[in-house]
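Chemist: Those protein sequence lines, which keep their order, are chains A and B.
Going by the working numbering, the residue at position 79 of the first sequence is 79; the numbering climbs one at a time, nothing skipped.
Going by the working numbering, the residue at position 110 of the second sequence is 204; the numbering climbs one at a time, nothing skipped.
Treat the hints with caution; some may be incorrect.
Below, in silico cross-link-like pairs of lysine to aspartate or glutamate (EDC-like), each with a Cα-Cα straight-line distance of 16 Å or less [to be verified]:
#1 B/K171 <-> B/D201
#2 B/K425 <-> B/E232
#3 A/K51 <-> B/E127
#4 B/K532 <-> B/E610
#5 B/K171 <-> B/D197
#6 B/K425 <-> B/D601
#7 B/K317 <-> B/E356
#8 B/K259 <-> B/E333
#9 B/K441 <-> A/D88
#10 A/K51 <-> B/D201
#11 A/K11 <-> B/D197
#12 A/K73 <-> B/D517
#13 B/K425 <-> B/D268
#14 A/K73 <-> B/E124
#15 B/K317 <-> B/E355
#16 B/K425 <-> B/E394
#17 A/K11 <-> B/E124
#18 B/K621 <-> B/D542
#19 B/K618 <-> B/D601
#20 B/K490 <-> B/D517
#21 A/K91 <-> A/E39
#22 B/K369 <-> B/D319
#23 A/K51 <-> B/E124
#24 B/K618 <-> B/D628
#25 B/K204 <-> B/D270
#26 A/K51 <-> B/E129
#27 A/K11 <-> B/E127
#28 B/K418 <-> B/E290
#29 A/K73 <-> B/D589
#30 B/K573 <-> A/D61
#31 B/K639 <-> B/E594
#32 B/K490 <-> B/D538
#33 B/K407 <-> B/D483
A short list of chain B residues far from chain A (calculated; beta carbon distances all over 10 Å) [stated by the list, open to error]:
#34 G123
#35 K370
#36 F461
#37 G574
Calculated from the structure, these hints are not laboratory results.
What you are looking at is a predicted structure, and each value in this text was computed from that prediction instead of being measured.
Beta carbons are placed, not taken as given, at the ideal position from N, Cα and C, and that holds for glycine.
Chain by chain, the residues run as shown.
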Amino acid sequence: MPQVLTANRLKIGEVVYWGGRGWVPRFDEAEIFSGAEAETALKGAADWVLKGEVVAPYLFDVHIDGGHAVPVKVREVIRAAGPTVRTDLGKQAG
Amino acid sequence: MYRYDEFDAQFVHERAEQFRGQVARRIAGELTEDEFKPLRLMNGLYLQLHSYMLRIAIPYGTLSARQLRKLGEIARKYDHSYGHFTTRQNLQLHWSQLPQVPDMLLDLAKVEMHCIQTSGNSVRNISADPFAGAAAGEIEDPRILSEILRQWSTLHPEFSFLPRKFKICVIASDEDRAALLIHDIAVKVVRNESGEIGYRVYVGGGLGRTPYLAQEIGPFVPKADILAFCEAVLRVYNEAGRRDNIHKARIKILVHQIGLEEMRRRVEAEFAEIKKTGTLALPAEEIARIAAYFAPPAFETLPAECPEFEVAKRKNRGFADWVKTNVHPHKIPGYAIATISLKPIGKTPGDCSSDQMEALADIMDAFGQTEIRVTHEQNLVLPHMRISDLFALWQKLVPLDLATANHGLVTDIIACPGLDYCDLANARSIPIAQAIAKRFSDLDRQHDLGELKIKISGCINACGHHHVGHIGILGVDRKGVENYQILLGGSGAEDASLAEIMGPGFDTEGIVDAVENVIGTYTKMRKSGERFLDTYRRIGPAPFKERLYAR
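Whenever a hint applies, use it, and build me the whole structure from the sequences.
Modeler: Put into structure tokens, the structure is as follows:
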């Protein structure tokens with residue numbers, strides 16, 4: 001199953017995704033890994049952790065729907081947007 | 095209430111500055127996340143889904159107007175202008191930023207507050223009856239012992255690295271408004287046959303994946319010996335509690351594994367040893383010194399009846415409805431206890447905005463209320479209101495959306511933050527609470543259903559107390575989709591019991607129908623005057639299951 005690499009920024013705790021050349025705040029800018037390169041990317045994230053950019057990196061599963069990646073778990077849908085009960089907060093607030 | 099002495103004040107201030115240094119070292123890369131995480135947790139700082147969450151201790155759920163105003167100010171200055179009152183009588187700010195946390199701690203220190211021991215394997219915030227000092231029938235203010243235990247357990251050198259977290263609760267009435275028996279140590283202030291006041295101690299309660307109610311281990315511990323007794327319990331637990339498996343590390347598992355009798359034998363042996371040294375004997379003067387901090391306010395001599403109050407109720411249906419559920423008898427004639435519901439229909443249970451906190455602080459000043467209490471049911475309480483002031487209070491609460499007349503009713507739902515915020519959660523809790531509240535919003539229907547406690551947790555850790563809900567709801571992850579199990583027959587009150595799971599779970603829409611279905615069984619089967627819980631206990635789970643899973 002395709003995967004996306006995510007973490008939180010060390011200082012502000014914001015959810016970020018690996019975008020290919022750096023960490024990006026939006027899920028739709030995330031790089032989609034379709035094979036073993038996902039694990040390689042996760043190992044690479046350790047450097048960013050050491051540098052103090054991000055914390056707690058991990059991979060999560062997505063499926064491709066109409067050419068777009070969609071997180072398999074609700075957890076990642078909520079992380080990508082913000083609390084469903086406060087749509088004025090988080091990334092969904094714009 | 096308790097006031098810091100110069101040592102308390104200096105310590106809390108220095109602790110904030112110490113954390114500033116730790117944060118700076120973390121940001122500079124001198125500390126790894128593994129090294130830093132225990133340090134931030136020691137200051138109540140968690141990394142959650144969207145941001146850092148700061149958990150602020152509210153000892154025994156008591157706040158002054160000055161403290162409440164400051165919490166509102168801190169939430170506005172550093173966060174998104176709201177906080178979330180929890181089932182442990184604490185406040186959580188969900189959008190904290192690491193570099194600002196030391197300043198948040200310093201601002202908290204200005205009003206004698208902190209986040210120490212709100213996380214980690216330590217003795218957590220001591221909880222107590224939110225009606226302390228006001229309830230009719232109370233033996234003495236349970237916060238006197240709570241404060242003594244708070245001082246004893248704060249930075250206790252022997253108990254700073256327990257096998258797992260440890261929660262203590264104190265009540266002093268036969269009515270249990272603090273979910274006493276779900277705590278690791280539960281203390282009830284009692285009077286023995288000769289009229290002496292002492293403590294009945296229970297041990298080994300807790301929820302989570304293995305729920306147990308605490309069992310009596312000390313039927314009557316004299317006042318002077320309570321610290322020695324608690325020290326004995328903690329020492330036995332610290333030595334024998336499992337450390338190899340986080341899920342089996344709470345004292346409830348130890349009590350269950352060795353049995354209550356063996357636990358009692360070990361605690362009594364340790365208790366005898368500690369008593370020999372005499373170092374933990376609590377002098378009457380020290381108890382009196384702490385008790386003075388909780389001296390009742392200067393109550394006026396007032397008539398028990400208040401004609402203006404009766405007139406206001408007759409003329410105003412909304413006020414009468416609010417009084418019916420949210421006002422409770424006070425021990426002093428002419429006074430009443432007012433519960434401020436943080437459960438407006440369709441809103442997040444326990445959330446309170448900065449504007450509301452500051453307005454409430456002003457209201458406290460206007461009505462001479464020196465304290466407000468946080469309840470484990472995620473509401474607030476003004477404990478010493480003059481009955482003659484209740485109508486004016488209600489009029490001020492209405493425009494603030496703080497006058498919802500639902501205390502103890504079906505819409506007064508406990509819900510943990512769930513998957514909307516929490517890193518541990520498997521499913522959302524808040525939207526389920528909101529949907530149920532909307533479904534049952536009709537107040538006449540709520541009154542017809544009577545006392546009905548719904549409690550919702552978004553994972554097995556049970557912060558939403560689903561095991562002790564009349565109706566408990568547990569959110570789980572089923573193949574990536576939120577699914578909700580329903581449990582019935584629990585109680586966190588003086589008639590405590592653990593709820594039983596009914597069967598397969600429901601999806602997000604189905605769970606609201608399932609609750610309605612269960613309530614339908616109750617209304618069909620109830621006898622006159624029976625609460626939901628009474629009917630369930632009389633007829634058992636079968637009729638509920640049958641209707642719930644009928645094809």
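Chemist: Run every hint past the structure and note whether it holds.
Modeler: Each hint, compared with the structure:
In summary, the hint linking B/K171 to B/D201 is supported, as the alpha carbons are separated by about 10 Å, within the 16 Å threshold. A C-alpha spacing of about 8 Å is found between B/K425 and B/E232, which places the hinted pair at or below 16 Å, so the restraint holds. Pair hint A/K51 plus B/E127 holds up; C-alpha atoms about 11 Å apart against a cutoff of 16 Å. Under the criterion of a C-alpha separation no larger than 16 Å, the hint pairing B/K532 with B/E610 is consistent with the structure, at around 12 Å.
A C-alpha spacing of about 10 Å is found between B/K171 and B/D197, which places the hinted pair at or below 16 Å, so the restraint holds. Taking the CA atoms of B/K425 and B/D601, the gap is near 46 Å; set against the 16 Å cutoff, the hint is violated. A C-alpha spacing of about 24 Å is found between B/K317 and B/E356, which places the hinted pair above 16 Å, so the restraint is violated. For the given pair, B/K259 sits about 14 Å from B/E333 by alpha-carbon distance, which is consistent with the 16 Å threshold.
With a C-alpha separation of about 14 Å, the suggested pair B/K441 and A/D88 falls inside the 16 Å cut-off, and the hint holds. Between A/K51 and B/D201 the CA atoms are separated by roughly 30 Å; this puts the pair beyond 16 Å, and the hint is violated. Taken as a hint, the A/K11 and B/D197 pair is honoured in the structure, with Cα atoms around 14 Å apart against an allowance of 16 Å. A threshold of 16 Å between alpha carbons decides the hint, and for A/K73 with B/D517 the separation of about 13 Å falls inside it, so the pair holds.
In summary, the hint linking B/K425 to B/D268 is supported, as the alpha carbons are separated by about 14 Å, within the 16 Å threshold. For the given pair, A/K73 sits about 35 Å from B/E124 by alpha-carbon distance, which is inconsistent with the 16 Å threshold. Among the hinted pairs, B/K317 with B/E355 is inconsistent with the structure: their alpha-carbon atoms are about 23 Å apart, more than 16 Å. With a C-alpha separation of about 13 Å, the suggested pair B/K425 and B/E394 falls inside the 16 Å cut-off, and the hint holds.
Simply put, A/K11 and B/E124 have alpha-carbon atoms about 15 Å apart, close enough for the 16 Å limit, and the pair holds. In summary, the hint linking B/K621 to B/D542 is supported, as the alpha carbons are separated by about 13 Å, within the 16 Å threshold. For the given pair, B/K618 sits about 25 Å from B/D601 by alpha-carbon distance, which is inconsistent with the 16 Å threshold. About 37 Å separates the Cα atoms of B/K490 and B/D517, which puts this hinted pair outside 16 Å; it is violated.
Simply put, A/K91 and A/E39 have alpha-carbon atoms about 27 Å apart, too far for the 16 Å limit, and the pair is violated. Between B/K369 and B/D319 the CA atoms are separated by roughly 8 Å; this keeps the pair inside 16 Å, and the hint holds. About 10 Å separates the Cα atoms of A/K51 and B/E124, which keeps this hinted pair within 16 Å; it holds. Between B/K618 and B/D628 the CA atoms are separated by roughly 13 Å; this keeps the pair inside 16 Å, and the hint holds.
Note on B/K204 and B/D270: the hinted pairing is violated, with a Cα-Cα distance of about 33 Å set against a maximum of 16 Å. This hinted pair checks out: A/K51 and B/E129 have alpha carbons roughly 15 Å apart, not beyond 16 Å. For the suggested pair A/K11 and B/E127, the alpha carbons sit about 12 Å apart, so the restraint of at most 16 Å is met. About 36 Å separates the Cα atoms of B/K418 and B/E290, which puts this hinted pair outside 16 Å; it is violated.
Restraint check for A/K73 and B/D589: the C-alpha separation of about 39 Å exceeds 16 Å, so the hint is violated. Annotation: proposed proximity of B/K573 to A/D61 holds, straight-line Cα distance about 12 Å (limit 16 Å). Proposed proximity of B/K639 and B/E594 is supported: the alpha carbons are some 11 Å apart, at most 16 Å. A threshold of 16 Å between alpha carbons decides the hint, and for B/K490 with B/D538 the separation of about 24 Å lies outside it, so the pair is violated.
A hinted pair counts as satisfied when its Cα atoms are at most 16 Å apart, and B/K407 with B/D483 qualifies at roughly 13 Å. Chain A draws B/G123 into its interface by the beta-carbon criterion, the shortest separation being 5 Å against a cut-off of 10 Å. Look at B/K370: its CB is around 49 Å from the nearest CB on chain A, clear of 10 Å, so calling it non-interface holds up. At roughly 31 Å from the closest C-beta of chain A, the C-beta of B/F461 stays outside 10 Å, upholding its exclusion from the interface.
Annotated as non-interface, B/G574 brings its C-beta within 10 Å of a C-beta of chain A; the closest such distance is 5 Å.
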